[in-house]
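Assemble the complex: chain S is given as a structure, and chain A must be docked to it using the hints.
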Amino acid sequence: ETGVTQTPRHLVMGMTNKKSLKCEQHLGHNAMYWYKQSAKKPLELMFVYNFKEQTENNSVPSRFSPECPNSSHLFLHLHTLQPEDSALYLCASSQDRYGYTFGSGTRLTVV
Amino acid sequence: GDSVTQMEGPVTLSEEAFLTINCTYTATGYPSLFWYVQYPGEGLQLLLKATKADDKGSNKGFEATYRKETTSFHLEKGSVQVSDSAVYFCALISGGSNYKLTFGKGTLLTVNP
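Keeping their order, the protein sequence lines are chains S and A. Everything in the first sequence is counted per this note's numbering, starting at -14 for the first residue and increasing by one. Everything in the second sequence is counted per this note's numbering, starting at 3 for the first residue and increasing by one.
Just chain S, same shape as in the assembly:
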């Protein structure tokens, strides 16, 4: 079950660049999430949106700016990132207790 599409799959950006990650789901789910997965670290929940409203921000630096224009789309805007922000960024969606569906992720490298 794919259901959640993330673009791009890979992104290399300089520390002064501005870029955006995109996530799209057509599963009819009401919640969407951004996770960060760094090497040898547990999955970190960054942001939660329910019915387009942000309901959770886990102390994420302001250089990461999420946007949820509707229940099917979620963006993560990136600016002035640091090399330690290099990671796999995963988007997911869910509906109540039936489990999350994850995208394939965007592998971000900050140079």
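Check the hints yourself; a few may be wrong.
The calculated EDC-like cross-link candidates involving lysine to aspartate or glutamate, where the alpha carbons are at most 20 Å apart (straight line), are [said to hold, decoys possible]:
(1) A/LYS102 <-> S/GLU29
(2) S/LYS25 <-> A/GLU17
(3) A/LYS102 <-> S/ASP81
(4) S/LYS21 <-> S/GLU9
(5) S/LYS25 <-> A/GLU78
(6) S/LYS26 <-> A/GLU18
(7) S/LYS21 <-> A/ASP57
(8) S/LYS7 <-> A/GLU44
(9) A/LYS102 <-> S/GLU69
Ranges between beta-carbon positions, derived for each pair [as the list claims (entries may be wrong)]:
(10) A/THR7 <-> S/ARG92: 25 to 35 Å
(11) A/LYS70 <-> S/GLN67: 19 to 29 Å
(12) S/SER57 <-> A/LYS62: 41 to 51 Å
(13) A/ASN114 <-> S/LYS37: 20 to 30 Å
(14) A/THR53 <-> S/ASN15: 31 to 41 Å
(15) A/THR14 <-> S/ARG(-6): 28 to 38 Å
Away from chain A, derived, C-beta distances all over 12 Å, residues of chain S [claimed, not checked]:
(16) MET0
(17) LEU30
(18) ASN35
(19) SER44
(20) THR65
(21) SER79
(22) ASP81
(23) ARG92
Just so you know, the hints here were simulated from the structure itself, not pulled from any lab data. Think of the CB as a built atom: it goes at the ideal place given N, C-alpha and C, for glycine as much as any other residue.
Chain A alone, transformed into the frame defined by chain S:
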């Protein structure tokens, strides 16, 4: 709060060996339980799930049984293949957490030919 504890590994097996990855949980009420798998360079995929006590989830030869009395959801496979090499995450959703998914730390499995 909710929590999931799974054996951290890494686990290294030979092809056709039996696999068990232990998972125990703490949660309010009656959570739904999941195993996710992450193949190298990929996102997480739902492997199997169980939504009530004594349910058995199964997929691709993997099985796990929801044991409420021992608060466990151990993952098993009778005969692993090289293609099963991946990271496996145990997880739960409980109503008391606003349906937030709580993950274990993941177990890296490597299967050698």
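Item checked: Numbers of the earlier hints that this structure fails to satisfy, in rising order -> As far as the earlier hints go, 2, 5, 6, 7, 9, 11, 12, 13, 14, 17, 18, 21, 22, 23 are violated by this structure, in ascending order.
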